[in-house]
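Can you make the complete structure from the sequences, with help from the hints?
If you want the building blocks of each chain, they are given just below.
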Amino acid sequence: MSKENEQEIELLTVHSRTDVEQVFRYSAGRYLNRFLVEMRDNARIMGVKCPKCGIVYAPPKEICDPCYAEMTEPVEVGPEGTIRNFTILRAPFVDPETGQAKPVPYAFGNVELDGAGSLIQNFLLTDDDSKIKVGARVKIEFHEERTGNMRDIKGFRLID
Amino acid sequence: MGKRAAIIGTGQTYCKSIRRDVNGQELINEAVTRALEDAELTIDDIDGVVIGNMDHFEGINYVDCWSIDGSGGFMKPTMKLCTGGTTGTTLGIGGYHMVASGMFEKLLVIGWEKNSESDTTGAIVTATDPILDRGVMAGALAGLAIEASEYAAAYGATSKDAARVSVRDRKHACNNPYAHLRKEVTIEEVLNSPVISDPLRLLDMCPRTDGACAVIYASEEVAEKICPQPAWVVKTANRHCYSRFADIKGQTSMLSLTTAAKELWAKTGIKEPLKEIDVVEMYQPYSWGGLIWFEDMGFCKKGEGPKYIWDGVTDMGGECPVNPSGGVISTNPIGATGLIRCAEVAHQIMGKAGDRQVPDVELALATGFGGCFWSDMILYSKNKPA
Ligand SMILES: [Zn+2]
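Sequences listed follow chains A and B, in order.
Per the working numbering, numbering through the first sequence is continuous, rising by one, with the last residue being 160.
Per the working numbering, numbering through the second sequence is continuous, rising by one, with the last residue being 1386.
Bear in mind the hints are in silico, worked out from the structure with no lab data behind them.
There could be a bad hint or two in this list.
[To be verified] Taking lysine-lysine and the BS3-like style, the derived pairs with C-alpha atoms no more than 30 Å apart in a straight line are:
1) B/K1160 - A/K133
2) A/K52 - B/K1275
3) B/K1275 - B/K1262
4) B/K1016 - B/K1080
5) B/K1016 - A/K102
6) B/K1302 - A/K131
7) A/K133 - B/K1307
8) B/K1235 - B/K1225
9) B/K1003 - A/K133
10) A/K133 - B/K1302
11) B/K1382 - B/K1235
12) B/K1160 - A/K131
13) B/K1307 - B/K1016
14) B/K1275 - B/K1003
Listed below in structure tokens is the structure:
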């Protein structure tokens, strides 16, 4: 096909259907299952401690990556913690979980809960965005109605 | 150890936000045709094909089969390698491994992306943990923004320091006919562009690009016979880290990159990368990476990145030019982007880089960056390795 022809013919993009849903069903696994149940029933964050290096992972998982060790000791962490990094997302995009536009702007960050050695990411809640800083203190907030899902966490509220 | 192997030809497509004039297969064919021309070979000379992209971007899962029309892989051994953002450099490393194994003589390696065909950020979110990370995560953009927030807090680097990196790359892109954004920007323009994810502004970030790249690797038995100046692979290094974004702690430096760099310099005996490496093509999709990751590879000390950038050390004509092509900030067809780094440094070594040629290139570095902060590095040389 010559370049000349491209000028004459309308160039089409063919859209896939957007009115169909494909739902995935993910097994939480032994470690996250306990974490999600504790969050739903007791509104608390349960981590797990590495027997080799002592780091507490919250959310928990089976293996400490650097040690490649199986973790067995449950440890409660939080509810307060420290912001380690953050952003305020302003660019619009489509949430693949819902197919809907994400409601921007929103602040989110990774928080090191007291007693944990890993981070947990969620929304940062405040009336004053200028208070959001690396090192700022926060407290976890849960929704009243909880279903055993990360969405049970409302976010981390900035505290003075 | 494997046999020696070299890039003997490369091909890139012209890049735009939407290459509406071609579909994916036709885009791939454009790069393959140019690579074969560059190597003065025909598809009959090729004994294997490796191809990769971000398969969730186009929603085509058997890209190795689907792309056969464009790749020329009909009735040839063909496979795909897809590792997210690092796909292109994984192709560069994997292709090298296949030829170095002695099992392939002339291997065609292809990276491509029709980034325009879906929502980039939404697609990247599907690369994160489905239970833990998708509720708030916002693709590469937010992942990079949080890295910048932590680095800035630790070292006091500013948005203005980062803007200088965008100014460099966009200026360099004007020399590259294959670059997507070929218009210079000023510090003021970067700082006045809209904030898209604090502290990142629009002009701190790469664009979304449709484009493809192909390179041809040849084995040591044939490379010098069919190519006047092969670009030899010296050594490669790559590192992956945790699978969860939130487990990546301490983002004042990238663990995977510092570890890969240490390995690469140890394997090659390089003591002072800044002095010894002649040109670098970094997979640096945002301006702050030009500070943080340049430090992490050991080109300067931690926290000194801004000084080196302002002094022009990495500009064309500087001691160690970075991204003569204009880099990823100017052009980012993601599955092709890492392989473009390899193709660009190969042409630097071959003396074929046109207006973006750095003089007397003997050692050239290509890097890859991907998803959950993992890193690839490939060192190429003008001289056949011992
Ligand atoms: Zn451990």
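Against the structure, the hints:
As the CA atoms of B/K1160 and A/K133 are separated by approximately 19 Å, the hinted pair is consistent with the 30 Å bound. Distance check on the hinted pair: A/K52 and B/K1275 sit about 41 Å apart at the alpha-carbon level, beyond 30 Å; violated. Distance check on the hinted pair: B/K1275 and B/K1262 sit about 16 Å apart at the alpha-carbon level, within 30 Å; holds. Proposed proximity of B/K1016 and B/K1080 is supported: the alpha carbons are some 24 Å apart, at most 30 Å.
A threshold of 30 Å between alpha carbons decides the hint, and for B/K1016 with A/K102 the separation of about 26 Å falls inside it, so the pair holds. A threshold of 30 Å between alpha carbons decides the hint, and for B/K1302 with A/K131 the separation of about 27 Å falls inside it, so the pair holds. Taking the CA atoms of A/K133 and B/K1307, the gap is about 25 Å. The hint holds against a cut of 30 Å. Between the alpha carbons of B/K1235 and B/K1225 the distance comes to roughly 22 Å, so the proposed pair stays at or under 30 Å and holds.
Between the alpha carbons of B/K1003 and A/K133 the distance comes to roughly 52 Å, so the proposed pair goes past 30 Å and is violated. Between the alpha carbons of A/K133 and B/K1302 the distance comes to roughly 22 Å, so the proposed pair stays at or under 30 Å and holds. Distance restraint check for B/K1382 and B/K1235: the Cα-Cα separation of roughly 13 Å lies within the 30 Å cut-off, and the hinted pair is therefore satisfied. Restraint check for B/K1160 and A/K131: satisfied, since their Cα atoms lie roughly 22 Å apart, inside the 30 Å limit.
Proximity of B/K1307 to B/K1016 is assessed by CA-CA distance (about 33 Å); at most 30 Å being required, the pair is judged violated. For the hint pairing B/K1275 with B/K1003, the CA-to-CA distance comes to about 28 Å; that is within 30 Å, so the pair holds.
Taken one by one, the earlier hints fail for this structure at numbers 2, 9, 13, listed in ascending order.
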